Structure formats: C-alpha cells, structure tokens
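Q: Using the sequences and the hints, build the whole thing.
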Amino acid sequence: MMKHSSAAQSLAALGHDARLTIFRLLVRAGHDGLNIGDIGQHLGMAASTLAYHLKTLVDAGLVTQERQGRQIINRVDFDVMHQTVSFLTSECCSGIKLAHKGAA
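So the sequence shown is numbered by the working numbering: it starts at 1094 and just counts up by one.
There could be a bad hint or two in this list.
As the list claims (entries may be wrong) - Here are the simulated DMTMM-like pairs of lysine to aspartate or glutamate, each with C-alpha atoms no more than 25 Å apart in a straight line:
1. Lys1148 to Glu1159
2. Lys1148 to Asp1172
3. Lys1096 to Asp1170
4. Lys1148 to Asp1131
5. Lys1096 to Glu1184
6. Lys1148 to Asp1170
Claimed, not checked - Restraint-style ranges between C-beta atoms, simulated for each label pair:
7. Ser1098 to Gly1162: 33 to 39 Å
8. Ala1139 to Ile1189: 43 to 49 Å
9. Gln1161 to Met1094: 30 to 36 Å
10. Cys1185 to Asp1131: 35 to 41 Å
11. Leu1104 to Ala1139: 24 to 30 Å
12. Arg1163 to Asp1110: 26 to 32 Å
13. Met1094 to Asp1131: 32 to 38 Å
14. Glu1184 to Ala1140: 36 to 42 Å
15. Ala1192 to Thr1157: 41 to 47 Å
16. Asn1128 to Ser1183: 31 to 37 Å
17. Ser1141 to Gly1162: 18 to 24 Å
18. Leu1191 to Ala1139: 49 to 55 Å
For the record, the hints were derived by calculation from the structure and aren't laboratory data.
All values reported here derive from a predicted model rather than from experimental measurement.
We treat Cβ as the ideally placed atom computed from N, Cα and C, and that holds for glycine.
A: Next up, the structure:
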C-alpha cells in the first residue's frame, strides 16, 4: 500500500502542466518508452526543459530511465501509477462518521 507522503510526491510531480503532458505521452508509449529526443519532437519542448521535468517525475518514482547506448529511455513505472490511483480511490464511498456536538 502506498504511503501518504509517496502519494503526495507523485501528485505534486503531476501537478505541473508540462510534467502531466510528458507523463501522459509516456503512458501512451507504453512499456517501450521514449528517449528525450522523441519526447521533445512530440511535444515541441527543448531537451533541457524536458530533462528538468523528467527528473521531477523520476524523483517521484513515476518514471524510470534506462541507458541504452547513447540514449536514455524513459518509461512510466506502471506499478507506481496504479498505486497512486488506488491510493486516491481506496476509500471511495466508504462513508464518514461525523462527531456530533452536544446542544449548547
């Protein structure tokens, strides 16, 4: 089960428009992933901008990077993605008990 702090870090990383766009592109790419050049070509972003945002996604555990020769392949860690979604929905519709205050 994902800890509250890990979920917060994942959601904070996805809370930026550029990072959310990069993440969703990598989700579409699936397990094959994409290198920085491919991501930049799809999104029209500079490599330095992508590297900055990818580092945040990697630090949050949402994206993994693997060196293949001269390229670095970026992939979504689908287990972490599913854990984050599960964290958000795990208590859906379970109800809330409210403490009743006594009459004044």
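Q: Hints first: check each against the structure and report whether it holds.
A: Going through the hints against the structure:
Only pairs whose Cα atoms come within 25 Å are accepted, and Lys1148 paired with Glu1159 is accepted, the gap being roughly 13 Å. Pair hint Lys1148 plus Asp1172 holds up; C-alpha atoms about 18 Å apart against a cutoff of 25 Å. Between Lys1096 and Asp1170 the alpha-carbon distance is near 17 Å, which keeps this suggested pair within the 25 Å criterion. The hinted pair formed by Lys1148 and Asp1131 meets the criterion: a straight-line CA distance of about 16 Å does not exceed 25 Å.
Between Lys1096 and Glu1184 the alpha-carbon distance is near 14 Å, which keeps this suggested pair within the 25 Å criterion. Restraint check for Lys1148 and Asp1170: the C-alpha separation of about 14 Å stays at or below 25 Å, so the hint holds. The given range of 33 to 39 Å is respected by Ser1098 and Gly1162, whose C-beta atoms sit roughly 36 Å from each other. Restraint check, Ala1139 to Ile1189: a C-beta distance of roughly 46 Å satisfies the suggested window 43 to 49 Å.
The hint said 30 to 36 Å for the Cβ distance between Gln1161 and Met1094, and at roughly 33 Å that hint holds. Taking 35 to 41 Å as the suggested C-beta distance range, the pair Cys1185 and Asp1131 conforms, at roughly 36 Å. The beta-carbon spacing between Leu1104 and Ala1139, approximately 26 Å, falls within the hinted interval of 24 to 30 Å. The given range of 26 to 32 Å is respected by Arg1163 and Asp1110, whose C-beta atoms sit roughly 30 Å from each other.
Separated by about 34 Å at the C-beta atoms, Met1094 and Asp1131 satisfy the suggested range of 32 to 38 Å. Distance hint for Glu1184 and Ala1140: a CB-CB separation of about 41 Å, consistent with the stated range 36 to 42 Å. Remark: the range hint 41 to 47 Å for Ala1192 to Thr1157 is upheld by a beta-carbon distance near 44 Å. Take Asn1128 and Ser1183: their Cβ atoms lie about 35 Å apart, and the range 31 to 37 Å holds.
Under the hint 18 to 24 Å, the C-beta atoms of Ser1141 and Gly1162, about 21 Å apart, fit the expected range. Between Leu1191 and Ala1139 the beta carbon distance is about 51 Å. The supplied range of 49 to 55 Å therefore holds.
Checked against the numbered hints above, the structure breaks none of them.
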